[in-house]
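Sequences listed follow chains A and B, in order.
Counting in numbering that gives the first Met the number 0, the first sequence runs from 0 upward without gaps.
Counting in numbering that gives the first Met the number 0, the second sequence runs from 0 upward without gaps.
Simulated from the structure, these hints should not be mistaken for lab results.
Since the model is a prediction, treat every value here as computed from it, not as a measurement.
A hint or two may mislead.
Output of the computed footprint for chain A on chain B, the stretches with three or more beta carbons under 8 Å from beta carbons of chain A [unchecked claim]:
id, segment
1, 104 to 117
2, 177 to 185
Chain A side only, calculated, beta carbon under 10 Å to chain B, not exhaustive [what the hints assert, rightly or not]:
id, residue
3, Thr112
4, Ala116
5, Glu117
6, Gln126
7, Leu127
8, Ala134
9, Val135
10, Arg140
11, Leu198
12, Thr225
Built from N, CA and C at the ideal position, the CB exists for glycine as well.
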Amino acid sequence: MIGFLTAIGAWTREAIGNIGFATRVLFEMVRASGGLLRRFRLVTTQIHFIGNYSLLLIAVSGLFVGFVLGLQGYYTLNKYGSEQALGLLVALSLTRELGPVVTALLFAGRAGTSLTAEIGLMKAGEQLSAMEMMAVNPLQRVLAPRFWAGVIAMPVLAAIFSAVGVFGGYVVGVLMIGVDEGAFWSQMQGGVDVWNDVLNGVIKSIVFGFAVTFIAVYQGYQSQPTPEGVARATTRTVVIASLSVLWLDFMLTALMFS
Amino acid sequence: MSNLVEIRNLHFSYGDRPILSALDMAFPRGKVVAVMGGSGSGKTTVLRLIGGQLTPQSGSVSVSGQPVDASNTKELYALRRKMGMLFQHGALFTDMSVFDNVAFPLREHTDLPEEMIRDLVLMKLHTVGLRNAAQLKPSEISGGMARRVALARAIALDPELIMYDEPFAGLDPISMGMTANLIRKLNDALGSTSILVSHDVHESFSIADYVYFLSKGAIVAQGTPAEMMASSDPYVKQFVNAEPDGPVPFHYPGKSLADDLGLRARG
């Protein structure tokens, strides 16, 4: 019994220590980000790397999610004779929920793992130590540009996901099933509110971008500098980031739409 | 002659595991000083303490009269601008070309125009014989070449202190001789001070002015290479002559073979 309590105590202490350290890294990274305004090229390079390379995955996934929403939405709405509202259903589902959430989950798997592995391997290859010895802060030079690139790229990717998803819903609903095109677009135009729906979706994706990218860069920074350590850190990125996105989504939805 | 780096009564441990104890070392300006010892003797830790990447539990480290262990981050970074460090495997930035690796400290710490940076980088690369490899990626060059590129990067800002962590490890004899020669020549040409952490006796003795021998985190011998060659100290003799057994045992300490095989119990 005492051993069990000791283990819980040790685990709690370690967890609190880790959260404290992560918070410190976050604050130091944000504080060190001031210089990036003068060298914004570092951020744009990373936006290209993590944003552009995720684009195809996001667009294709958005298209298929849109297809499925079109089909599922039509079958459900058809029961109540409301298939004209298909455009509204697809658009609201994507802008409020699926766009930000699925994009964040895909982003964690595609760009998040890549960021963790890259930073972890830089650490294993003593590149971060070399940078420190050259009086260059790795938090400022390596972590911060990647972090801000993720925060910027995520809402853009989520918007692309939602736009392609709406197109997918249109292809299935209007072109394949034969829902009235005018009703599809007019219901969407009339029912989707820019502030309540679109903006809240954008806020969600910014929060997810913040969380997922920080988790990814932090796990890389904190990884054990061995092949096994980097592999573990990469796995942790996907698990922690995915759970964080789902938890944050619940919290934000409760706050925004309750 | 004044010392650029001084270590006084330094103790360092990782948790409960002591790494260095009661260490006193001095590194005079303009000299090449070798810190030698077997694996795990604490050599690299000495470099990390001088660079401020580790903090001692007690004692002091000073560079150019400034206490490293008592410096805040800003002071430490200012101090590191006077240092260059060559890591064991080069630690080149793999996403950058050879040119960009050498240009990195210049771009980070100076406002020099790109044309001037180009000239400086090519001059540094010329010094290490790799001017024509400027556009190659680290993955396209050999280990010895990577070490030389890292050396060019370490001297990019003409540092007062250059630290070398196992610069000869894994190099073929030609690259080894070339690297040793470069270390000595660069030290003399730049008027800097070099600390060379190595376990390669021949190359280190050929270029060092003074040698410290470390074992289990303490200095066991020190002197000029000639004095070390003539030393009767059992550890130095074992190390210099590459004897398989001696003060550093061949077998990892623990139970005897007889105990492990249960021979004593049977007897």
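Do the hints match the structure? See the list:
no. : hint       : verdict
1   : 104 to 117 : holds (count 3)
2   : 177 to 185 : violated (count 0)
3   : Thr112     : violated (17 Å)
4   : Ala116     : violated (12 Å)
5   : Glu117     : holds (8 Å)
6   : Gln126     : holds (5 Å)
7   : Leu127     : holds (9 Å)
8   : Ala134     : holds (4 Å)
9   : Val135     : holds (5 Å)
10  : Arg140     : holds (8 Å)
11  : Leu198     : violated (37 Å)
12  : Thr225     : violated (14 Å)
When held up to the earlier numbered hints, the structure conflicts with 2, 3, 4, 11, 12 and fits the remainder.
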